[in-house]
Amino acid sequence: GDSVTQMEGPVTLSEEAFLTINCTYTATGYPSLFWYVQYPGEGLQLLLKATKADDKGSNKGFEATYRKETTSFHLEKGSVQVSDSAVYFCALRSPGNTPLVFGKGTRLSVIA
Amino acid sequence: EAQVTQNPRYLITVTGKKLTVTCSQNMNHEYMSWYRQDPGLGLRQIYYSMNVEVTDKGDVPEGYKVSRKEKRNFPLILESPSPNQTSLYFCASSPLEQTIGYTFGSGTRLTVV
Chain S
1 GDSVTQMEGP VTLSEEAFLT INCTYTATGY PSLFWYVQYP GEGLQLLLKA
51 TKADDKGSNK GFEATYRKET TSFHLEKGSV QVSDSAVYFC ALRSPGNTPL
101 VFGKGTRLSV IA
Chain D
1 EAQVTQNPRY LITVTGKKLT VTCSQNMNHE YMSWYRQDPG LGLRQIYYSM
51 NVEVTDKGDV PEGYKVSRKE KRNFPLILES PSPNQTSLYF CASSPLEQTI
101 GYTFGSGTRL TVV
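Those protein sequence lines, which keep their order, are chains S and D.
According to our numbering, numbering within the first sequence proceeds without interruption in unit steps and concludes at 112.
According to our numbering, numbering within the second sequence proceeds without interruption in unit steps and concludes at 113.
Hints are computed from structural coordinates only; laboratory data are not their basis.
Some hints could be false.
[To be verified] Distance condition first, Cα-Cα at most 20 Å in a straight line; then the derived DMTMM-like pairs of lysine to aspartate or glutamate:
no., chain 1, residue 1, chain 2, residue 2
1, S, LYS104, D, ASP59
2, D, LYS57, D, GLU70
3, D, LYS57, D, GLU30
4, S, LYS104, D, ASP38
5, S, LYS56, S, GLU69
6, D, LYS57, S, ASP55
7, D, LYS71, D, GLU97
8, S, LYS52, D, GLU30
9, S, LYS56, S, GLU76
[What the hints assert, rightly or not] Just a sample of chain S residues kept apart from chain D, beta carbon distances all over 10 Å, derived:
no., residue
10, VAL11
11, LEU13
12, SER32
13, GLY43
14, SER58
15, GLU63
16, THR65
17, THR71
18, GLU76
19, VAL82
20, ILE111
21, ALA112
Cβ coordinates follow ideal geometry from the N, Cα and C atoms, glycine included.
Chain S extracted, bound-state conformation:
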């Protein structure tokens, strides 16, 4: 079945550091790929998405590119801020009325 593997956290970075959170997936078809963010005490919010190979999703300075050849969708940000501290979830959704499949989440802490 479909699955998503994220790098384990927690990840701790200094403000203005470069962020990469790795995400790889296994799917039988051509899924859509998503990154969600969960700030402390809140629900999950859609951060960005990509629906086909080589698409780049971007939002709030975060980017991720759909790489079919490596089955990856790594999340990057050039300069993180303290306000980016949150848990980040990678997810995929395959065709055919299927549910979202989530990775286990990666906790990011950014220190000033």
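Guided by the hints, dock chain D onto chain S, whose structure is given.
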């Protein structure tokens, strides 16, 4: 405003006392789902529904019930709660379209003592 509304946000209850967590969406979404979130285990799907009167088990359905009598509502029922159901619960909805992600509610933190 398009949203998924869960109630209550916080609930403390005793073992065995039936409870219902409500979930409502105003986006006319066909798909609705319940998740629980536990430290180290990520999000685990409890039940989902593709449309009215259609529900299916997720990964961890034991001890839970759901119903989908109307498109907008998808309540989660714990008939006899136990301490291992202490968790953070999220409801989510979406269209059936693959390229659309979920909209999540704000969560319900349940404690069973």
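Each hint tested on the structure:
{"no.": "1", "hint": "S/LYS104 <-> D/ASP59", "verdict": "holds (14 Å)"}
{"no.": "2", "hint": "D/LYS57 <-> D/GLU70", "verdict": "holds (18 Å)"}
{"no.": "3", "hint": "D/LYS57 <-> D/GLU30", "verdict": "holds (16 Å)"}
{"no.": "4", "hint": "S/LYS104 <-> D/ASP38", "verdict": "holds (10 Å)"}
{"no.": "5", "hint": "S/LYS56 <-> S/GLU69", "verdict": "holds (15 Å)"}
{"no.": "6", "hint": "D/LYS57 <-> S/ASP55", "verdict": "violated (33 Å)"}
{"no.": "7", "hint": "D/LYS71 <-> D/GLU97", "verdict": "holds (16 Å)"}
{"no.": "8", "hint": "S/LYS52 <-> D/GLU30", "verdict": "violated (23 Å)"}
{"no.": "9", "hint": "S/LYS56 <-> S/GLU76", "verdict": "holds (11 Å)"}
{"no.": "10", "hint": "VAL11", "verdict": "holds (16 Å)"}
{"no.": "11", "hint": "LEU13", "verdict": "holds (21 Å)"}
{"no.": "12", "hint": "SER32", "verdict": "violated (5 Å)"}
{"no.": "13", "hint": "GLY43", "verdict": "violated (4 Å)"}
{"no.": "14", "hint": "SER58", "verdict": "holds (15 Å)"}
{"no.": "15", "hint": "GLU63", "verdict": "holds (17 Å)"}
{"no.": "16", "hint": "THR65", "verdict": "holds (16 Å)"}
{"no.": "17", "hint": "THR71", "verdict": "holds (17 Å)"}
{"no.": "18", "hint": "GLU76", "verdict": "holds (19 Å)"}
{"no.": "19", "hint": "VAL82", "verdict": "holds (23 Å)"}
{"no.": "20", "hint": "ILE111", "verdict": "holds (21 Å)"}
{"no.": "21", "hint": "ALA112", "verdict": "holds (26 Å)"}
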